[in-house]
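Visitor: Listed below, chain by chain, are the residues.
Protein chains: 2
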Amino acid sequence: MKYSKLFGKTIKDSPKDEPSVNARLLIQAGFIRKEVAGVYNFLPLGLRVLNKISNIIREEMNNTGAQELLLVSLQNKTNWEKTGRWNSFDALFKVKSRYDFEYALGPTHEEVLVPLVNNFVNSYRDLPLKLYQIQNKFRDEARPKAGLLRGREFLMKDLYSFHESEEDLMKYYTLMKKVYKKTFSRLGLDAIETVASGGTFSEFSHEYQVVCESGEDEIIYCPGGDFSENVEIIENPEKLENKQCDLGHGPLKRVKVVEVGNIFPLMDKFSKPFNLTYKDKDGKDQYVSMGCYGIGISRVMGVIVEVHHDDRGIIWPENVAPYQVHLIHLGGVHLSTSEAYNKLVKARVEVLYDDRKNVSAGQKFADADLIGIPVRLVVSEKTGEKIDPAFGGVEWKERDKDKTEVIPIDQAIGRLKTG
Amino acid sequence: MKYSKLFGKTIKDSPKDEPSVNARLLIQAGFIRKEVAGVYNFLPLGLRVLNKISNIIREEMNNTGAQELLLVSLQNKTNWEKTGRWNSFDALFKVKSRYDFEYALGPTHEEVLVPLVNNFVNSYRDLPLKLYQIQNKFRDEARPKAGLLRGREFLMKDLYSFHESEEDLMKYYTLMKKVYKKTFSRLGLDAIETVASGGTFSEFSHEYQVVCESGEDEIIYCPGGDFSENVEIIENPEKLENKQCDLGHGPLKRVKVVEVGNIFPLMDKFSKPFNLTYKDKDGKDQYVSMGCYGIGISRVMGVIVEVHHDDRGIIWPENVAPYQVHLIHLGGVHLSTSEAYNKLVKARVEVLYDDRKNVSAGQKFADADLIGIPVRLVVSEKTGEKIDPAFGGVEWKERDKDKTEVIPIDQAIGRLKTG
Numbered sequence: 001m002k003y004s005k006l007f008g009k010t011i012k013d014s015p016k017d018e019p020s021v022n023a024r025l026l027i028q029a030g031f032i033r034k035e036v037a038g039v040y041n042f043l044p045l046g047l048r049v050l051n052k053i054s055n056i057i058r059e060e061m062n063n064t065g066a067q068e069l070l071l072v073s074l075q076n077k078t079n080w081e082k083t084g085r086w087n088s089f090d091a092l093f094k095v096k097s098r099y100d101f102e103y104a105l106g107p108t109h110e111e112v113l114v115p116l117v118n119n120f121v122n123s124y125r126d127l128p129l130k131l132y133q134i135q136n137k138f139r140d141e142a143r144p145k146a147g148l149l150r151g152r153e154f155l156m157k158d159l160y161s162f163h164e165s166e167e168d169l170m171k172y173y174t175l176m177k178k179v180y181k182k183t184f185s186r187l188g189l190d191a192i193e194t195v196a197s198g199g200t201f202s203e204f205s206h207e208y209q210v211v212c213e214s215g216e217d218e219i220i221y222c223p224g225g226d227f228s229e230n231v232e233i234i235e236n237p238e239k240l241e242n243k244q245c246d247l248g249h250g251p252l253k254r255v256k257v258v259e260v261g262n263i264f265p266l267m268d269k270f271s272k273p274f275n276l277t278y279k280d281k282d283g284k285d286q287y288v289s290m291g292c293y294g295i296g297i298s299r300v301m302g303v304i305v306e307v308h309h310d311d312r313g314i315i316w317p318e319n320v321a322p323y324q325v326h327l328i329h330l331g332g333v334h335l336s337t338s339e340a341y342n343k344l345v346k347a348r349v350e351v352l353y354d355d356r357k358n359v360s361a362g363q364k365f366a367d368a369d370l371i372g373i374p375v376r377l378v379v380s381e382k383t384g385e386k387i388d389p390a391f392g393g394v395e396w397k398e399r400d401k402d403k404t405e406v407i408p409i410d411q412a413i414g415r416l417k418t419g
Numbered sequence: 001m002k003y004s005k006l007f008g009k010t011i012k013d014s015p016k017d018e019p020s021v022n023a024r025l026l027i028q029a030g031f032i033r034k035e036v037a038g039v040y041n042f043l044p045l046g047l048r049v050l051n052k053i054s055n056i057i058r059e060e061m062n063n064t065g066a067q068e069l070l071l072v073s074l075q076n077k078t079n080w081e082k083t084g085r086w087n088s089f090d091a092l093f094k095v096k097s098r099y100d101f102e103y104a105l106g107p108t109h110e111e112v113l114v115p116l117v118n119n120f121v122n123s124y125r126d127l128p129l130k131l132y133q134i135q136n137k138f139r140d141e142a143r144p145k146a147g148l149l150r151g152r153e154f155l156m157k158d159l160y161s162f163h164e165s166e167e168d169l170m171k172y173y174t175l176m177k178k179v180y181k182k183t184f185s186r187l188g189l190d191a192i193e194t195v196a197s198g199g200t201f202s203e204f205s206h207e208y209q210v211v212c213e214s215g216e217d218e219i220i221y222c223p224g225g226d227f228s229e230n231v232e233i234i235e236n237p238e239k240l241e242n243k244q245c246d247l248g249h250g251p252l253k254r255v256k257v258v259e260v261g262n263i264f265p266l267m268d269k270f271s272k273p274f275n276l277t278y279k280d281k282d283g284k285d286q287y288v289s290m291g292c293y294g295i296g297i298s299r300v301m302g303v304i305v306e307v308h309h310d311d312r313g314i315i316w317p318e319n320v321a322p323y324q325v326h327l328i329h330l331g332g333v334h335l336s337t338s339e340a341y342n343k344l345v346k347a348r349v350e351v352l353y354d355d356r357k358n359v360s361a362g363q364k365f366a367d368a369d370l371i372g373i374p375v376r377l378v379v380s381e382k383t384g385e386k387i388d389p390a391f392g393g394v395e396w397k398e399r400d401k402d403k404t405e406v407i408p409i410d411q412a413i414g415r416l417k418t419g
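Chains as they are written, first to last, in the numbering used here: chain Z, 1 to 419; chain V, 1 to 419.
Don't read these hints as lab results, they were simulated from the structure. Just so it is clear, the structure is predicted and the values come from calculations on it, not from any experiment. Note that the Cβ used here is the ideal one computed from N, Cα and C, for glycine as well. Just to be clear, a hint being listed does not mean it is correct.
[Claimed, not checked] In silico EDC-like cross-links for lysine to aspartate or glutamate, where the CA-CA straight-line distance does not exceed 16 angstroms: (1) Z:K2 x V:D126; (2) Z:K357 x V:D126; (3) Z:K178 x Z:E68; (4) V:K9 x Z:E68; (5) V:K77 x V:E102; (6) Z:K52 x V:E68.
[As the list claims (entries may be wrong)] Listed next, the stretches of chain Z that the computed footprint assigns to chain V, with coverage defined by at least 3 CB atoms under 8 angstroms from CB atoms of chain V: (7) 37-44; (8) 95-102; (9) 128-136; (10) 318-329.
[Said to hold, decoys possible] Computed beta-carbon distance windows for the label pairs: (11) Z:A91 x V:P15: 51 to 59 angstroms; (12) V:N242 x Z:A91: 20 to 28 angstroms; (13) Z:R312 x V:Y99: 30 to 38 angstroms; (14) V:Q286 x Z:S88: 52 to 60 angstroms; (15) V:E81 x Z:T200: 34 to 42 angstroms; (16) V:E166 x Z:R98: 35 to 43 angstroms.
Given the sequences, and given the hints that come with them, work out the whole structure.
Guide: Structure, rendered in structure tokens:
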């Protein structure tokens with residue numbers, strides 16, 4: 001992609017109406033743009049990151065045998081009345097039709113999926129079943145001031161599993177714990193598995209929490225990895241804080257965190273109101289045991305920016321960067337830069353090419369740092385001379401390091417293909 | 001994918017509350033399921049078709065130099081007031097927040113994109129610009145009884161182009177006419193380019209209409225391809241009907257059609273209310289000329305079913321079929337079928353494998369016909385004997401033909417890879 005053509009360029013000043021780091025950087029760098037509080041448009045760079053995050057999650061969910069589908073946003077009010085949530089779900093947007101009836105504007109999808117699954121599950125032979133979607137959710141949140149961390153419209157992966165027994169549910173639940181750790185790690189996040197309240201859903205739940213100064217949750221955890229609890233379920237958090245971990249990993253820490261995922265053993269919480277049962281091997285009706293497993297995809301994008309940035313801009317982890325490499329043209333050897341661009345494109349390296357004329361080297365470097373693509377390649381007279389005057393080498397610099405080196409373009413491509 | 005595991009199996013009876021062919025067949029075959037009138041959930045098979053359609057459209061839009069982004073559903077009321085559409089857009093859903101303000105629930109995206117583009121366009125150097133998205137739209141339609149043909153929630157590709165001049169706009173508009181013809185042809189649809197009213201948007205528009213008994217529009221057209229107009233803009237349609245075409249292609253025909261796409265030369269219709277201007281080469285402010293270009297993706301899925309089916313079920317065109325091949329296991333040679341399945345998967349052929357036991361051959365064939373995958377492969381004792389008792393051949397049958405033949409599996413794979 002040529003930067004001169006890209007829709008959504010960097011802007012000079014950081015937006016003044018955004019208190020959060022993620023929204024400030026993402027808007028300034030041209031990834032998102034606010035529509036209204038808590039609702040953001042994704043520009044081409046932003047959509048690329050969203051898609052990369054989604055595809056990693058999709059891959060991990062598919063690997064557990066889950067199937068992807070796509071559920072509706074305009075939901076049947078009757079089913080929300082059956083679960084009692086039509087009136088009790090505070091953040092529910094209700095949409096009135098001009099034809100005198102109402103919909104729930106999907107904040108979550110138990111009320112859609114459980115009746116749907118009921119059409120297809122009759123016998124134990126139809127179980128287990130794991131279904132997920134990647135889809136927009138709508139919630140009338142109280143204080144949407146944290147950019148992508150708390151939106152009124154946001155992209156989510158929600159997976160629901162259906163089992164014969166609590167035992168089978170917990171087997172999958174345990175697998176999902178591992179899958180979640182791996183997924184967040186691929187996304188460049190160190191997510192701490194934390195025991196939390198199940199709220200009105202279940203006895204307990206597990207949250208995946210990322211340490212982050214702007215987070216709204218607090219956990220007490222052992223850096224050795226053997227303990228983490230949400231402060232809201234701890235009776236005397238003050239007493240637990242700084243206590244030595246039983247396994248000798250040192251004192252427990254109390255930190256602010258932001259939740260990027262959660263998993264709930266729902267058991268029969270939703271099977272009961274919808275009478276979701278199956279016939280067991282003896283022909284007896286049993287309630288299906290359910291679990292649900294969420295990851296906030298647009299929120300993950302915000303959290304990545306919160307934890308991976310410096311004074312100059314964003315530092316995208318490789319797996320989710322909008323492009324693999326940011327190629328910059330400087331000075332009078334435009335032709336060679338085009339050749340480098342064409343070589344990269346041909347090698348199927350994802351490249352953003354800053355081909356702008358009449359923009360200073362300083363501005364181009366500042367924009368590259370702000371946008372945060374992991375590798376910067378510069379072609380200039382200097383690099384041309386150093387390697388091969390006819391074609392030229394390129395200056396390789398990684399976003400999170402200071403070192404630069406001049407190498408032939410083919411070597412750069414080799415690194416990018418194996419990296 | 002093994003059919004025994006697939007979520008969304010065929011059901012015995014066609015749904016009684018669906019008057020439309022597309023909804024009846026798609027529900028019976030396990031592609032979609034109704035939530036409420038005009039709102040459908042997409043099961044795994046249905047999502048695969050939606051994605052195939054989307055990807056073909058995406059490819060064609062990208063080829064014109066357009067960039068994909070993702071706009072919001074919860075839209076700023078102020079911008080809808082600026083265009084006067086907050087009160088005049090009949091099918092607009094208005095969403096109330098509990099915090100005493102309202103959103104428009106996106107039925108279209110001019111009110112979002114034009115102000116957004118205004119942030120980035122200053123000079124003629126920033127033009128032209130072509131932006132599109134693939135995203136859900138919401139419209140409070142009057143009679144959503146036609147399945148996927150008219151939904152209250154539906155998937156759409158909407159592209160908007162921005163130009164220096166009417167001339168440059170019309171150049172892209174003309175290109176898009178060709179691109180639309182090609183796109184629909186890749187989707188298996190014969191779409192007739194039809195001159196239509198521009199409504200409140202523009203002087204005229206072009207619609208892409210597919211001949212279909214259940215369509216709500218009517219056109220008069222020349223089968224030779226040199227004339228087509230929507231009846232609504234023809235003064236005396238009765239006089240035009242059956243008139244000889246000027247180019248000697250025979251009498252004009254009047255037929256019922258369903259619209260799968262439309263394109264509008266918006267000119268400055270939306271640039272004016274948002275003051276979207278640019279500085280021309282002489283430094284003078286000029287209004288940006290706009291066009292918009294829609295394709296109803298979920299509607300396309302419905303129309304494909306309306307025109308490609310028989311008494312036994314759906315007949316998917318190759319490019320949009322959920323799988324390339326439907327493999328059926330019959331009788332006692334399950335092992336060979338598994339081998340065939342593994343070979344197909346290894347060759348990256350998209351295969352749906354009906355591995356069910358205790359289901360009759362008749363039922364399996366009926367399901368395959370209902371689901372409508374273009375090629376059916378059967379492995380049975382019969383096919384095993386004919387080719388190679390150790391491994392067996394497969395019986396090849398195309399959904400839209402009666403002929404069957406037994407061929408080695410490798411030959412079948414070869415055909416599927418080149419087809």
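Visitor: Could you run down the list of hints and mark each one as holding or not?
Guide: Hint check results:
1. Restraint check: the Cα-Cα separation between K2 (chain Z) and D126 (chain V) comes to about 13 angstroms, which is no more than 16 angstroms; the hinted pair holds.
2. Between the alpha carbons of K357 (chain Z) and D126 (chain V) the distance comes to roughly 13 angstroms, so the proposed pair stays at or under 16 angstroms and holds.
3. With a C-alpha separation of about 20 angstroms, the suggested pairing of K178 (chain Z) with E68 (chain Z) is violated against the 16 angstroms cut-off.
4. As the CA atoms of K9 (chain V) and E68 (chain Z) are separated by approximately 15 angstroms, the hinted pair is consistent with the 16 angstroms bound.
5. Restraint check: the Cα-Cα separation between K77 (chain V) and E102 (chain V) comes to about 7 angstroms, which is no more than 16 angstroms; the hinted pair holds.
6. Restraint check for K52 (chain Z) and E68 (chain V): the C-alpha separation of about 14 angstroms stays at or below 16 angstroms, so the hint holds.
7. Figure legend: the segment 37-44 of chain Z, annotated as covered by chain V; annotation consistent (6 residues with Cβ-Cβ distances under 8 angstroms, at least 3 required).
8. Counting residues of the segment 95-102 of chain Z whose CB lies closer than 8 angstroms to any CB of chain V gives 5, which reaches the minimum of 3, so the coverage claim holds.
9. A stretch counts as covered by a chain when three or more of its residues have a beta carbon under 8 angstroms from one of that chain; for the segment 128-136 of chain Z and chain V the count is 3, and the coverage holds.
10. Remark: the segment 318-329 of chain Z is not confirmed as covered by chain V, as 0 of its residues place a Cβ nearer than 8 angstroms to a Cβ of that chain, below the required three.
11. For the hinted restraint 51 to 59 angstroms between A91 (chain Z) and P15 (chain V), the CB-CB distance of approximately 33 angstroms leaves it violated.
12. The supplied range of 20 to 28 angstroms is broken by N242 (chain V) and A91 (chain Z), whose beta-carbon atoms lie about 60 angstroms from each other.
13. Checked against the hint of 30 to 38 angstroms, the C-beta distance between R312 (chain Z) and Y99 (chain V) comes to roughly 37 angstroms, which is consistent with it.
14. Taking the beta carbon of each, Q286 (chain V) and S88 (chain Z) are about 55 angstroms apart, inside 52 to 60 angstroms as hinted.
15. Between E81 (chain V) and T200 (chain Z) the beta carbons are some 39 angstroms apart, a value that agrees with the proposed interval 34 to 42 angstroms.
16. The hinted range of 35 to 43 angstroms is satisfied by E166 (chain V) and R98 (chain Z), whose Cβ atoms lie roughly 37 angstroms apart.
Going down the numbered hints, you'll see the structure goes against 3, 10, 11 and 12, while the others check out.
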